[in-house]
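There are 2 protein chains.
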Amino acid sequence: MSSSETSSSEVSADVTGRSTLSAAPLGAATEAQPGVRAFKVGLLGYGTVGSAFAALLEERAAHVERITGRLPVVGEALTTSKGSFPEILEGSDAIVELIGGIEPARDYVLAALSAGKHVITANKQLLSQHGEALFEAARASGAQLRFEAAIAGVVPVVRVLCESLAGAHVERVHGIVNGTTNFILSEMTRGSTYAQALAEAQSQGFAEADPSEDVSGRDAAAKMAILARLAFDTPVHIDEVPYEGIEHLKTDDIQYARELGLGLKLIGTAERRDGGLSVSVHPAFLYSGHPLASVNGPFNAVTVESEAITEITMSGPGAGGLQTASAVLGDLVSTMLPPGAPAPPADPLPLVSDVESGFYIHMEMADRPGALAAVAGALGEQGASIKSVVQHGLGEHARLVMIVHPLAETRLREALKRIGDLDFLRSTPRAIRVIEEEYL
Amino acid sequence: MSSSETSSSEVSADVTGRSTLSAAPLGAATEAQPGVRAFKVGLLGYGTVGSAFAALLEERAAHVERITGRLPVVGEALTTSKGSFPEILEGSDAIVELIGGIEPARDYVLAALSAGKHVITANKQLLSQHGEALFEAARASGAQLRFEAAIAGVVPVVRVLCESLAGAHVERVHGIVNGTTNFILSEMTRGSTYAQALAEAQSQGFAEADPSEDVSGRDAAAKMAILARLAFDTPVHIDEVPYEGIEHLKTDDIQYARELGLGLKLIGTAERRDGGLSVSVHPAFLYSGHPLASVNGPFNAVTVESEAITEITMSGPGAGGLQTASAVLGDLVSTMLPPGAPAPPADPLPLVSDVESGFYIHMEMADRPGALAAVAGALGEQGASIKSVVQHGLGEHARLVMIVHPLAETRLREALKRIGDLDFLRSTPRAIRVIEEEYL
Chain A
36 MSSSETSSSE VSADVTGRST LSAAPLGAAT EAQPGVRAFK VGLLGYGTVG SAFAALLEER
96 AAHVERITGR LPVVGEALTT SKGSFPEILE GSDAIVELIG GIEPARDYVL AALSAGKHVI
156 TANKQLLSQH GEALFEAARA SGAQLRFEAA IAGVVPVVRV LCESLAGAHV ERVHGIVNGT
216 TNFILSEMTR GSTYAQALAE AQSQGFAEAD PSEDVSGRDA AAKMAILARL AFDTPVHIDE
276 VPYEGIEHLK TDDIQYAREL GLGLKLIGTA ERRDGGLSVS VHPAFLYSGH PLASVNGPFN
336 AVTVESEAIT EITMSGPGAG GLQTASAVLG DLVSTMLPPG APAPPADPLP LVSDVESGFY
396 IHMEMADRPG ALAAVAGALG EQGASIKSVV QHGLGEHARL VMIVHPLAET RLREALKRIG
456 DLDFLRSTPR AIRVIEEEYL
Chain B
36 MSSSETSSSE VSADVTGRST LSAAPLGAAT EAQPGVRAFK VGLLGYGTVG SAFAALLEER
96 AAHVERITGR LPVVGEALTT SKGSFPEILE GSDAIVELIG GIEPARDYVL AALSAGKHVI
156 TANKQLLSQH GEALFEAARA SGAQLRFEAA IAGVVPVVRV LCESLAGAHV ERVHGIVNGT
216 TNFILSEMTR GSTYAQALAE AQSQGFAEAD PSEDVSGRDA AAKMAILARL AFDTPVHIDE
276 VPYEGIEHLK TDDIQYAREL GLGLKLIGTA ERRDGGLSVS VHPAFLYSGH PLASVNGPFN
336 AVTVESEAIT EITMSGPGAG GLQTASAVLG DLVSTMLPPG APAPPADPLP LVSDVESGFY
396 IHMEMADRPG ALAAVAGALG EQGASIKSVV QHGLGEHARL VMIVHPLAET RLREALKRIG
456 DLDFLRSTPR AIRVIEEEYL
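Quick mapping for you: the protein sequence lines, in order, are chains A and B.
Position one of the first sequence corresponds to residue 36 (the working numbering), numbered consecutively onward.
Position one of the second sequence corresponds to residue 36 (the working numbering), numbered consecutively onward.
Calculated directly from the structure, the hints in this document are not laboratory data.
Check the hints yourself; a few may be wrong.
Which copy is meant is left open, because identical chains are indistinguishable; a pair holds if it fits in one copy or across any two.
Here are the simulated lysine to aspartate or glutamate pairs, DMTMM-like style, with alpha carbons at most 25 Å apart [as the list claims (entries may be wrong)]:
hint, residue 1, residue 2
1, Lys422, Asp382
2, Lys117, Asp287
3, Lys285, Asp456
4, Lys285, Glu391
5, Lys422, Asp245
6, Lys285, Glu471
7, Lys285, Asp458
It should be emphasised that the depicted structure is a prediction, and the values quoted were computed from it without experimental measurement.
Take the sequences, apply the hints, and build the full model.
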């Protein structure tokens, strides 16, 4: 999903900046206390992601101040209609680039990095076409360039490749890095045609009015070019990544393959092959046991393989506005956070126990008339609601297996004590927690 | 799995250190070039994980030097029989603590942090009992304390909670954080008794001779105490975490619940509940659609939920020696790596294309005698081996669906061209990649 690009056309002001920046900062700024150093965030672009980011930062500003010692403050965002990039740059500790596209984003990001300002961006086109120049500018000035939101939204694949696995010998990175196409393929698996599935994706906000960047596979190719660079220390331009989209796929093929135990995904792969590096994006059938086969709907999932780690799989929602904004916030906080140890707890929560849970209950009993009523009565007295009951066996050696809806453990224990006292019970009843799907 | 603890009894030297440290450094040290600044790693403990870490670091030393500018060098490890902690501390840029247990590990880690030396540890007991004191020592000196390997091995849950999600409002962290018990429960689901499953886990190296720390749930409880602290800024001591193990579980219960669509896992949970924080470890049944339900064998998986991110799930092998060593290496490299941009590519790989893949092939054709032979012949000429064939329909409007084993795309295209020329074909054949399970 490329909703991080929905603000692409929001900014056209040039680097010299002719319009003026409003002096009134937004949101969190107004809460700055005397003595607290503000951390000024220059926001470029105010589309879907830009506005979601500004709102999320305001909501989390006090928490961020607590863990970093500085209150993040967003000034007025640069848009096509207002704001001056040079003024924003001058007044910021870090720049968040959510304009999308190549220009003017490239000029702005390079100018910011060269000025030693940290940059957080969600711009996969820019990184997949000009990544090396940006990385070089960051290294030269010592500024940080962070871009988790450019790949798989909240799925922290950039951080894991650049940090957790910086020392590792990676064999393969592959996965589902476009939520739009994964949603469409999930719909087609359920019988929709491509056109129906696309229309559904658009109506649910998972595909843009012009979906070509996503459905052609080009969005995924840009992401795989960036991941290949990070995993294999090899610069890869998007034009070097062969990609194939999903527009030509037939529901028939998905159905036939399903009979063979196969499910269809748009898979991006970067792997060591034949002494070199192979990077590509293609629709591919996976057997049902494959870890990526069960990733359905607008989700992303990436698996990293290396001999020493075996494999790590990370999954989560593909980039929606709020999810992309969360990834940007994570990167921003990382530029503010001294590495080391967790901040001291400022507002710890009280520990609570005896929380509610569903339960499985197993009873060995003689199957007498009224037995179930007695058991159900003991449960009902404690407020337990029975979800399902299965009896195994008959007569003197029956077993009753029940699932009850969530109730507090103390109440369940009380009910079990009452049940254990019933004269037809043949052993102490056993209980095991059940996590209900509704909790998800 | 608590294999990171297998070296628990390796060191008993006291803080004053009476034995002497060999002057001859191991491995990577001998490769240091003039002009290259070594990064000296003081290794405490040389059990399963310690020795795996030393070997892995030697293997990856040149790569780490390339990305960090400093060559990591491990001196002789501190063990019960040799080494002086004060001398190791004095001569090290960072300390890797793989002794396990509380003392002398606690004294060593506190001494190192107080001296401003970064510490990487896999010691979940220490963190779940004395975490705040260690965090405070790290903050006071500005040294880093990293401990990814203490939780879920290579699954980067500590890094994601402390960095990617540092600004987030987390609602729940839950998952499978003990590989030993997950392996045993997987075996019991296949019909083994608890005793049989435990014996199998021990024979495969997934359980220790004394498995009580794992099977009692205490190992998972220590990990959940630490995760709760990171996710909810609330200090939690292991003694405050109610936990229940798997020793008392009956194969019968697993089988009965299976009929109800439920699978059994040992689940650790830390979540906001009733205005406070609930942290616990219990066996729990999950419905088959639950993301944790499909995590089988000695694997770990953790899901983090928050409104803004929806949820992120991370999975990978529970800590074996090499996996734990990899997590330690990732943390070590993070202490050496300036944050910012990827290192310049030093040894980029050549890009290769036309790599092999399995393929699904769909052909609309008139079903004539010899048709399959002609198709198979065209594929055979290109070296394609047929894995399965299904025919749909009969006569003039049949469809043939095939899966072929991996071959180069150019050869597949050549075969499809030949097949397309056959006179009984009714449309151009279609091909879609198939990722074979053998690749995993």
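What label fits Lys422 with Asp382 when the C-alpha limit is 25 Å: within, between, both, or neither? Neither: 39 Å inside a chain and 61 Å across chains, both beyond 25 Å.
One pair to classify: Lys117 and Asp287, alpha carbons no more than 25 Å apart. Within, between, both, or neither? neither (51 Å within a copy, 69 Å between copies)
Evaluate Lys285 and Asp456 at a C-alpha cut-off of 25 Å and name the case that applies: within, between, both or neither. Close across copies (22 Å), not inside one copy (62 Å); limit 25 Å.
My question is about Lys285 and Glu471: at a cut-off of 25 Å on alpha-carbon distance, are they close within one copy, between copies, both, or neither? between (36 Å within a copy, 21 Å between copies)
Given a CA cutoff of 25 Å, do Lys422 and Asp245 count as a within-copy pair, a between-copy pair, both, or neither? neither (46 Å within a copy, 39 Å between copies)
Is it within, between, both, or neither for Lys285 and Asp458, if the alpha carbons may be no more than 25 Å apart? Answer is between: at 24 Å across copies they meet the 25 Å cutoff, but 63 Å inside does not.
Could you place Lys285 and Glu391 in one of the four classes (within, between, both, neither) given a Cα distance threshold of 25 Å? between (47 Å within a copy, 23 Å between copies)
Violated hints for the displayed structure, listed by number in ascending order: 1, 2 and 5.
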